[in-house]
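Respectively, the protein sequence lines represent chains A and B. Numbered according to this note's numbering, the first sequence terminates at residue 208, and the numbering increases by one at each position without gaps. Numbered according to this note's numbering, the second sequence terminates at residue 291, and the numbering increases by one at each position without gaps.
Hints were generated in silico from the structure; no laboratory data involved. Computed from a predicted model, the values in this text were never measured in an experiment. Just so you know, even glycine gets a beta-carbon here, dropped at the ideal spot from N, CA and C. Mixed in with the good hints, there may be bad ones.
Once the Cα atoms are required to be at most 27 angstroms apart in a straight line, the calculated DSSO-like pairs of lysine-lysine come out as [unchecked claim]:
#1 B:261 x B:288
#2 A:118 x B:263
#3 A:142 x B:201
#4 B:256 x A:118
#5 B:268 x A:136
#6 A:188 x B:208
#7 B:267 x B:199
#8 B:288 x B:225
#9 B:261 x A:196
#10 B:228 x A:142
#11 A:142 x B:273
#12 B:256 x B:228
Some, not all, of what chain A presents toward chain B, calculated at C-beta under 8 angstroms [said to hold, decoys possible]:
#13 80
#14 130
#15 151
#16 156
#17 157
#18 160
#19 166
#20 168
#21 171
#22 177
#23 192
#24 193
#25 194
#26 196
#27 197
Part of the chain B face toward chain A, derived, beta carbon under 8 angstroms [unchecked claim]:
#28 229
#29 231
#30 245
#31 246
#32 251
#33 258
#34 263
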Amino acid sequence: MKKSILSLVALAALTMSANATDFRAEKPAAWTTKNVYNGETPTEKGVQAAINALYGDVAPIDGDIKLKAPKVASNGGAIPVSVKTDIPAKSIAVFQDANPEALVAVFNVVDGSVADYSMKIKMKKSGTITAVVEGKDGKLYSTKLSLEVALGGCEG
Amino acid sequence: MKKLILALASIALMATAAMADAPAAAAPTKVKMKIKAKEKDGVVKAKIAISHNMLTYDQAKKKGKEANFITHVTATAGGKVVYDASTSQFLSKNPLLKFKFNGKKGDELKITYTQLKGEVFFATKKIK
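So here's chain A without its partners, still in its complex pose:
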């Protein structure tokens, strides 16, 4: 049973074109990694586990990544977040520790694009956003940003 699932995943990954990478098909475990709470307080364990599920057992080092988000978000349903880096990157991933699962999005930095992405995300409560850059040199760089969420965004 396990084998067939594995082969299915492998085949699905193979059928993807070389240019576009579906990180959902390639690393399904990373998307279901739950955040770990210490009582009500989010901890970094879940984020770390998700990073490991996505990029393998590598400890990220601090890098020159510009992660921008408001310090206090009035509406947790739409928090503008932007990530920018000058590091030659293969991919950029954004995590947070306030929602049930840790991973928000993975950007595949394709040739000819600029590593500068903005999006709006949801956060259930105050927490920390972590951006991880997978450099072309094989190293992982990360940076963190804590913010307060006045009104949680996952209640709908």
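Could you slot chain B onto chain A? The hints should help.
Here is chain B on its own, set in the frame of chain A:
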């Protein structure tokens, strides 16, 4: 037991074969999307707003609906992939995405997104 595994593997193979055929069967649906793309000094700044509920599993449970969110967004221009993002349920409702890439005026920017169950939608816009 072995037979069972073999049978399962063949089912999996058939499933993947079906998946490979899927794009032809489930043609992408054209949708309205707000797209802004402007070129300056060889760099195109693109802003896209997709109308989508982005129901997380939690929200869907409360509303008694099925979860549905965008799982993958790609953009192509001039025959090349210029943006490729795998996304989760935690993008905001009607997500707004901004990105930059090297491109030129007049090219057509095509945004394609896939939602949870595999339906594909697209929209196009000329780069200004």
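Quick rundown of the hints versus the structure:
Of the pairs offered as hints, the one joining residue 261 of chain B and residue 288 of chain B holds, with about 15 angstroms between alpha carbons and a cut-off of 27 angstroms not exceeded. Taking the CA atoms of residue 118 of chain A and residue 263 of chain B, the gap is near 15 angstroms; set against the 27 angstroms cutoff, the hint holds. Of the supplied pair hints, the one linking residue 142 of chain A and residue 201 of chain B holds, its CA atoms being roughly 25 angstroms apart against a limit of 27 angstroms. Of the supplied pair hints, the one linking residue 256 of chain B and residue 118 of chain A holds, its CA atoms being roughly 24 angstroms apart against a limit of 27 angstroms.
Taken as a hint, the residue 268 of chain B and residue 136 of chain A pair is honoured in the structure, with Cα atoms around 24 angstroms apart against an allowance of 27 angstroms. The hinted pair formed by residue 188 of chain A and residue 208 of chain B meets the criterion: a straight-line CA distance of about 24 angstroms does not exceed 27 angstroms. Simply put, residue 267 of chain B and residue 199 of chain B have alpha-carbon atoms about 14 angstroms apart, close enough for the 27 angstroms limit, and the pair holds. Of the supplied pair hints, the one linking residue 288 of chain B and residue 225 of chain B is violated, its CA atoms being roughly 37 angstroms apart against a limit of 27 angstroms.
The suggested pairing of residue 261 of chain B with residue 196 of chain A holds, with an alpha-carbon distance near 21 angstroms, which does not exceed 27 angstroms. Of the supplied pair hints, the one linking residue 228 of chain B and residue 142 of chain A is violated, its CA atoms being roughly 37 angstroms apart against a limit of 27 angstroms. Among the hinted pairs, residue 142 of chain A with residue 273 of chain B is consistent with the structure: their alpha-carbon atoms are about 22 angstroms apart, no more than 27 angstroms. For the given pair, residue 256 of chain B sits about 15 angstroms from residue 228 of chain B by alpha-carbon distance, which is consistent with the 27 angstroms threshold.
Hint status for residue 80 of chain A: violated, given a least beta-carbon distance of 11 angstroms to chain B, over 8 angstroms. Checking residue 130 of chain A against chain B by beta carbon gives a least distance of about 4 angstroms; that is within 8 angstroms, so the hint holds. Nearest Cβ of chain B to the Cβ of residue 151 of chain A: about 5 angstroms, under the 8 angstroms cut. The hint holds. With 8 angstroms as the threshold, the beta carbon of residue 156 of chain A comes within range of chain B, its nearest partner Cβ sitting at about 5 angstroms, so the hint holds.
At about 5 angstroms, the closest approach between the beta carbon of residue 157 of chain A and any beta carbon in chain B falls short of 8 angstroms, and the interface hint on this residue holds. Nearest Cβ of chain B to the Cβ of residue 160 of chain A: about 4 angstroms, under the 8 angstroms cut. The hint holds. Hint status for residue 166 of chain A: holds, given a least beta-carbon distance of 4 angstroms to chain B, under 8 angstroms. At about 5 angstroms, the closest approach between the beta carbon of residue 168 of chain A and any beta carbon in chain B falls short of 8 angstroms, and the interface hint on this residue holds.
Evaluation of the residue 171 of chain A hint against chain B yields a held restraint, the C-beta minimum of about 5 angstroms falling below 8 angstroms. Given the 8 angstroms rule on beta carbons, the hint for residue 177 of chain A is violated: about 13 angstroms separates it from the nearest Cβ of chain B. Because the beta carbon of residue 192 of chain A sits about 17 angstroms from the nearest beta carbon in chain B, more than 8 angstroms, this interface hint is broken. For residue 193 of chain A, the interface hint is violated, since its Cβ never comes within 8 angstroms of a Cβ in chain B; the closest pair sits about 19 angstroms apart.
At a threshold of 8 angstroms, the smallest CB-CB gap from residue 194 of chain A to chain B is about 18 angstroms, leaving the interface hint violated. Restraint check, residue 196 of chain A versus chain B: the minimum CB separation of about 17 angstroms is more than 8 angstroms; hint violated. Here the hint on residue 197 of chain A is broken, as its CB sits about 15 angstroms from the closest CB of chain B, past 8 angstroms. Interface hint status for residue 229 of chain B: violated, as the beta-carbon distance to the closest one in chain A is roughly 14 angstroms, over 8 angstroms.
The beta carbon of residue 231 of chain B comes no nearer than 13 angstroms to any beta carbon in chain A, farther than 8 angstroms, and the hint placing it at the interface is violated. Hint on residue 245 of chain B holds. Least Cβ distance to chain A is approximately 5 angstroms, under the 8 angstroms limit. At its closest, the beta carbon of residue 246 of chain B sits 6 angstroms from a beta carbon of chain A; the interface hint therefore holds under the 8 angstroms criterion. Given the 8 angstroms rule on beta carbons, the hint for residue 251 of chain B holds: about 6 angstroms separates it from the nearest Cβ of chain A.
The restraint placing residue 258 of chain B at the interface with chain A holds, with a minimum CB-CB distance near 6 angstroms, inside the 8 angstroms limit. Evaluation of the residue 263 of chain B hint against chain A yields a held restraint, the C-beta minimum of about 4 angstroms falling below 8 angstroms.
The structure fails to meet hints 8, 10, 13, 22, 23, 24, 25, 26, 27, 28 and 29 from the earlier list, while all remaining hints are met.
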